[in-house]
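There are 2 protein chains.
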Amino acid sequence: MQSTTMSDQLTLEDLELGQVFRSQSYAIDAAQIKTFASQFDPQPFHLDEELAKKTFFGELVASGWHVAAITMRLLVASTPINGGLVGAGGDIRWLRPTRPGDTLQVETEIVEIKPSQSRTDRGTVTIRSTTRNQDGKSVLVMNSRLVVPTRSAV
Amino acid sequence: MQSTTMSDQLTLEDLELGQVFRSQSYAIDAAQIKTFASQFDPQPFHLDEELAKKTFFGELVASGWHVAAITMRLLVASTPINGGLVGAGGDIRWLRPTRPGDTLQVETEIVEIKPSQSRTDRGTVTIRSTTRNQDGKSVLVMNSRLVVPTRSAV
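These protein sequence lines map, in sequence, to chains F and W. Position 9, counted from 1, in the first sequence is what numbering that gives the first Met the number 0 calls 8; the numbers after and before it change by one each time, with no gaps. Position 4, counted from 1, in the second sequence is what numbering that gives the first Met the number 0 calls 3; the numbers after and before it change by one each time, with no gaps.
Calculated from the structure, these hints are not laboratory results. Given the structure is predicted, the values throughout are model-derived calculations rather than measurements. Here a beta-carbon is modelled for each residue, glycine too, at the ideal position from N, C-alpha and C. Among the hints, erroneous ones may be present.
What the hints assert, rightly or not - Stretch by stretch, here's where chain F covers chain W in the computed footprint (C-beta under 8 Å, at least three residues):
1) 8-16
2) 41-54
3) 88-102
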C-alpha cells in the first residue's frame, strides 16, 4: 500500500493497484442531518431526535445518502483523477449509523485497473472507498467504477 | 406485475415478487444542480455551464449522488414500508446524465424477499428502482437491500 498526497492530476498510467488516497475529515452535526433529510430522505429517524426514539435506529442518524454524498465530497478533494471523478456505477454498504457529532474520513484504494479494449484514450478503474468515523469504525464501504483518461487523451 | 398506491404501511407479508411502486415526478433545475454540487460534488461539470463545456460531459449535468438522493426522496414517498426505508446496501448504475430541466420519476419493483433465518421479526427485501427522465430514458438503476419488519414485529 502506498500513500500519496500529490496534487497534480493523475491519468491511467499514474495509477497502480494498492495505491491509497486519504481524505481530510468532515464533521457532521444534527442541523446538517436534518437539512439533508428534509430535502432528500424525510424519515423520522433522520428528522427529529424525539421521533427517532421510536424507530429502528432509536436515535437521530444521518441518511445513508447523506453519508454517501459526504464521502463523494471527501473523495473529490483527495483523489485527483485527471478530468474529474466520473463514475459509471458501483456498490455501497452502510455498516453502522452516522450520528450528530461524528467526524468522517475516507480512505480510497485502487483495486482494479482495466485499459479499454476498444479505445486508447481511457480505461476503467475500480476504487474502494472506506468511510470511517472518529473511532476508526467503518460506516460506509463503496466500490466505484471510474472512467479515467490515458495520458494520450489529456 | 402489480401496481399499488396503498398508503398504509407494508410489512414483509404484504410484499410479493414483481410488485411495483411508482413515484411522483421531480423537476431538477440548474440552481439545484449547482447547490448540491457545491456542497457534495464540487466538480466543474456540476458547477458551471461554461466550465462544463471543456469536460467529459460537455455540459452542465447533475451529480450522480444528487440523482441518487432525488431517487431516495421519490422512493420514500412512494414505497410505504412499515418502519421506514432502512437500507443495508446495494448497487447503483448511472446510465446517462441528468440535465437541468429534466423531470425524474422512479419505478420500484420487489425482486427478492428473504425472511430472516434467525429472527422472526424481520426479513430482507431487495428492490430494484429505476429512475427515468421525461423521455422515459433510464438515468439510474439501483438495487437496494432493505430491512423489513414482519407483521408480528409491529
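_Tell me the hint numbers this structure goes against, listed in increasing order._
Of the numbered hints given earlier, the structure breaks just one, which is hint 1.
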